[in-house]
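J.: What follows is the residue order along each chain.
Protein chains: 2
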Amino acid sequence: MDKTKLGFVGLGGRGRGLLGLLCEMENVQINGICDLRADLLEQGAAIVQEKAGQTVDRYTDFDEMLDKADIQGVVIATSWVSHVKLAIAAMKAGKYAAFEVGGATSLEECWRLVRTREETGVPCMMLENCCYGRTELALLNMIKQDVFGELVHMRGAYGHNLSESLVNRIEVNHYRHHHYHHRNGDNYPTHALGPICNMLGINRGNRLLTLTSVASKARGLHNRAVINKGEQSPEAAWTWNNGDVVSTTITCAHGETICLTLDTCLPRPYSRQLYVQGVHGLYMEDGNQIYLENVSPQYDTWEPFAPYLERYEHPLWKWFQAAGVRGGHGGMDYLVLRSFVESIRDGRDTPIDAYDAAAWMSITCLSEESVALGGHPVAVPDFTNGQWIDRQADPVCRYALDDIYADLF
Amino acid sequence: MDKTKLGFVGLGGRGRGLLGLLCEMENVQINGICDLRADLLEQGAAIVQEKAGQTVDRYTDFDEMLDKADIQGVVIATSWVSHVKLAIAAMKAGKYAAFEVGGATSLEECWRLVRTREETGVPCMMLENCCYGRTELALLNMIKQDVFGELVHMRGAYGHNLSESLVNRIEVNHYRHHHYHHRNGDNYPTHALGPICNMLGINRGNRLLTLTSVASKARGLHNRAVINKGEQSPEAAWTWNNGDVVSTTITCAHGETICLTLDTCLPRPYSRQLYVQGVHGLYMEDGNQIYLENVSPQYDTWEPFAPYLERYEHPLWKWFQAAGVRGGHGGMDYLVLRSFVESIRDGRDTPIDAYDAAAWMSITCLSEESVALGGHPVAVPDFTNGQWIDRQADPVCRYALDDIYADLF
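Keeping their order, the protein sequence lines are chains A and B.
Anchor point for the first sequence: position 263 equals 263 in my numbering, and the numbering is continuous, going up by one each time.
Anchor point for the second sequence: position 279 equals 279 in my numbering, and the numbering is continuous, going up by one each time.
Read the hints as simulated data drawn from the structure, not as lab findings.
Quantities reported herein were computed from a predicted structural model and do not represent experimental measurements.
For every residue, glycine included, the Cβ atom is placed at its ideal position computed from N, Cα and C.
Watch out, some of these pointers could steer you wrong.
Claimed, not checked - Restricting the straight-line Cα-Cα distance to at most 30 Å, the calculated cross-link-like pairs of lysine-lysine (BS3-like) are:
no.: 1; chain 1: A; residue 1: Lys51; chain 2: A; residue 2: Lys217
no.: 2; chain 1: B; residue 1: Lys85; chain 2: B; residue 2: Lys3
no.: 3; chain 1: A; residue 1: Lys229; chain 2: B; residue 2: Lys144
no.: 4; chain 1: A; residue 1: Lys144; chain 2: B; residue 2: Lys92
no.: 5; chain 1: A; residue 1: Lys92; chain 2: A; residue 2: Lys5
no.: 6; chain 1: B; residue 1: Lys229; chain 2: A; residue 2: Lys144
no.: 7; chain 1: A; residue 1: Lys5; chain 2: A; residue 2: Lys144
no.: 8; chain 1: B; residue 1: Lys3; chain 2: B; residue 2: Lys144
no.: 9; chain 1: B; residue 1: Lys68; chain 2: B; residue 2: Lys92
no.: 10; chain 1: B; residue 1: Lys92; chain 2: A; residue 2: Lys217
no.: 11; chain 1: A; residue 1: Lys5; chain 2: A; residue 2: Lys51
no.: 12; chain 1: A; residue 1: Lys68; chain 2: A; residue 2: Lys51
Claimed, not checked - A few chain B positions that, by computed beta-carbon distances, are all more than 10 Å from chain A:
no.: 13; residue: Ser82
no.: 14; residue: Ala215
no.: 15; residue: Glu231
no.: 16; residue: Gln277
no.: 17; residue: Thr301
no.: 18; residue: Tyr312
Can you make the complete structure from the sequences, with help from the hints?
T.: Structural data, given as structure tokens:
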């Protein structure tokens with residue numbers, strides 16, 4: 001079996017985890033790693049040595065890696081604002097580009113991503129791991145089998161208390177930190193929005209149309225700084241622009257609404273708050289419960305989702321569990337990386353493509369715009385230029401881990 | 001003990017229940033009932049006879065009842081659009097007015113309600129029973145004791161599958177029916193919003209500032225008509241303007257956000273989806289769970305709310321349970337009516353007053369405006385004309401069932 005040859009850029013904490021996962025894949029070979037920091041390059045090389053038993057070329061210049069390394073694609077795990085810039089450079093160099101999740105700072109960078117993909121013919125993929133979540137894929141499977149009927153309303157969130165890491169700027173150098181100081185909007189929409197867009201067929205028969213976005217006051221991070229560092233600390237004097245809770249409502253071409261929440265500054269249990277509502281019933285992540293008319297035993301009463309998860313287990317996850325679940329975030333990281341690798345191997349487009357990335361990432365800068373305008377509705381561009389009407393549905397379902405998956409249908 | 005003398009108008013299904021509850025109160029005497037329909041008047045008189053052991057004068061003309069009946073106040077349980085009109089007539093006749101919940105059709109009627117109350121000096125009260133809910137009052141109690149810290153974000157809903165009654169127009173003559181045909185917005189915001197406004201001190205140090213509102217497509221009621229009546233039925237040909245799920249985001253003067261949902265056309269478990277989030281933790285009705293930093297046993301992990309309900313039981317509910325909970329909707333109907341009766345007896349303002357009613361009801365017509373304008377933000381008027389800054393906080397907590405309650409603080 002020919003191995004797929006990859007470069008890797010961005011060896012911060014999360015990056016090293018992804019690099020390690022790639023090194024463990026039998027069909028992957030890492031032929032270059034890149035970072036500005038020598039110490040991280042050192043750590044990255046040690047990971048490749050340990051996991052793959054090979055030495056690897058180190059680069060501090062991304063363009064040099066693109067130019068010199070024997071690679072077919074790159075995985076980009078740098079900070080948010082550089083994802084698109086590096087992906088564009090990779091595509092222009094003829095390398096498949098995969099990049100970690102994050103939001104856009106302008107519509108212009110979304111358009112550039114799309115235009116570069118169209119002009120070069122080289123695919124790129126956002127590594128939205130939650131699209132490969134077990135529950136998310138089971139729900140997608142249910143939706144394809146019309147269990148919920150026509151979909152009407154969806155909700156999702158990034159509900160994750162990041163306050164500890166966000167106020168420890170010096171120690172952790174959290175790359176998100178600056179965004180909370182300077183910006184105000186939903187800076188991290190895709191964990192919830194990606195799976196929802198797959199369910200609604202966004203860019204494949206449907207599209208995101210408008211959004212309104214409203215931010216609460218910002219109290220959580222100051223409060224955390226006072227608790228952790230004391231009232232007289234420099235951290236307690238920092239100002240934070242981003243509201244603690246950002247509420248965004250998106251409309252879709254076929255009349256569905258999506259409510260998104262960013263909730264990362266206050267103490268709270270982790271939840272992506274996924275909520276799927278159709279004319280036959282609804283699912284809710286909080287409580288992990290479901291109600292389906294004429295199916296659930298009691299009229300208009302929740303029942304546990306667990307039996308449905310088993311019954312509607314996505315074929316990909318059936319295989320994954322039989323083969324042994326591995327990798328971070330409950331296996332999602334493995335599946336999303338593997339899907340990228342297989343796209344390169346087969347010379348096909350990626351299941352999450354440039355149009356998806358552009359639409360999903362655009363929610364961040366559009367949210368900022370709407371918040372700044374007092375919740376004024378703003379339009380989500382049609383990054384497909386009308387292709388969404390006729391594009392095929394459901395790439396994740398068709399193409400995830402395709403070599404195994406193809407046998408299952 | 002002098003009895004408080006009341007008139008009652010609107011003897012449809014819910015009205016008769018409230019009338020019966022009033023008749024059972026030892027300190028109330030019903031001296032007039034009013035309805036346009038003779039059969040309902042008959043039923044109302046039978047209720048007064050049975051529950052209070054008295055005959056009662058019947059009126060088909062509301063003004064005539066105001067003029068002739070020996071009453072101090074009226075309870076108005078007619079259809080939504082007549083609440084304000086009748087309340088204004090009552091105040092002008094010098095009678096305290098209480099009216100069932102509902103939304104406004106224009107800001108003008110909200111202003112007229114406020115102006116009439118100011119000009120006549122006669123109080124009026126919206127009978128928002130959920131303000132007296134056991135959980136709602138326990139949470140209010142917790143907020144007053146600063147358990148959640150500064151509040152940041154709230155959510156609530158009217159999540160109630162009304163599709164069966166809404167498509168059975170002929171049989172049930174559901175008064176809400178027409179609104180779903182003709183209007184599009186959150187037609188029933190107050191069950192969630194009333195308690196939230198009490199918690200946030202709205203009109204008492206805080207106020208509602210703006211909202212944006214977005215409606216999903218309308219599918220549920222057509223779907224229900226087809227299921228219940230058949231595809232060829234006249235009901236299946238009805239068109240419905242109101243979106244199945246209406247999502248409204250409200251901002252407050254002190255930076256809090258409130259997300260409201262109307263969800264009444266699709267199959268679903270009943271839930272008001274109350275969600276209270278402060279800098280120290282949060283409560284969620286769905287799952288009836290809570291997380292409080294440094295209090296809950298596990299970091300960022302939900303725990304059951306039941307022990308907190310017991311620990312922070314509102315004094316009013318402690319008394320109510322000792323005295324024996326009675327009346328509809330888990331006792332809330334009894335408490336809200338009793339509070340109105342005591343306001344009359346003591347010649348004081350009502351705990352939910354004209355400014356509250358105006359602000360809460362205005363959400364309906366403002367939601368319609370915003371939906372029609374594609375989610376454009378609209379301003380909530382300051383119905384207090386600046387008084388909100390200095391008005392005293394927490395009337396429900398102070399004044400609910402005051403004669404018993406006063407001893408408890």
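J.: A separate judgement is required for each hint: does it hold in the structure or not?
T.: Each hint tested on the structure:
1. Lys51/A with Lys217/A: violated (46 Å)
2. Lys85/B with Lys3/B: holds (27 Å)
3. Lys229/A with Lys144/B: holds (27 Å)
4. Lys144/A with Lys92/B: Distance ~60 Å between Lys144/A and Lys92/B Cα, so the pair is violated.
5. Lys92/A with Lys5/A: The hint holds at about 17 Å.
6. Lys229/B with Lys144/A: holds (27 Å)
7. Lys5/A with Lys144/A: Distance of about 35 Å is beyond 30 Å: violated.
8. Lys3/B with Lys144/B: The given pair, whose Cα atoms are some 34 Å apart, is violated under the 30 Å limit.
9. Lys68/B with Lys92/B: holds (14 Å)
10. Lys92/B with Lys217/A: Distance ~42 Å between Lys92/B and Lys217/A Cα, so the pair is violated.
11. Lys5/A with Lys51/A: holds (16 Å)
12. Lys68/A with Lys51/A: holds (23 Å)
13. Ser82: The claim stands: Ser82/B keeps its Cβ more than 10 Å from every Cβ of chain A (closest is about 30 Å).
14. Ala215: violated (7 Å)
15. Glu231: holds (15 Å)
16. Gln277: violated (6 Å)
17. Thr301: Thr301/B not clear of chain A: closest Cβ-Cβ about 6 Å, inside 10 Å.
18. Tyr312: Per Cβ check, Tyr312/B is outside 10 Å of chain A; nearest 19 Å; holds.
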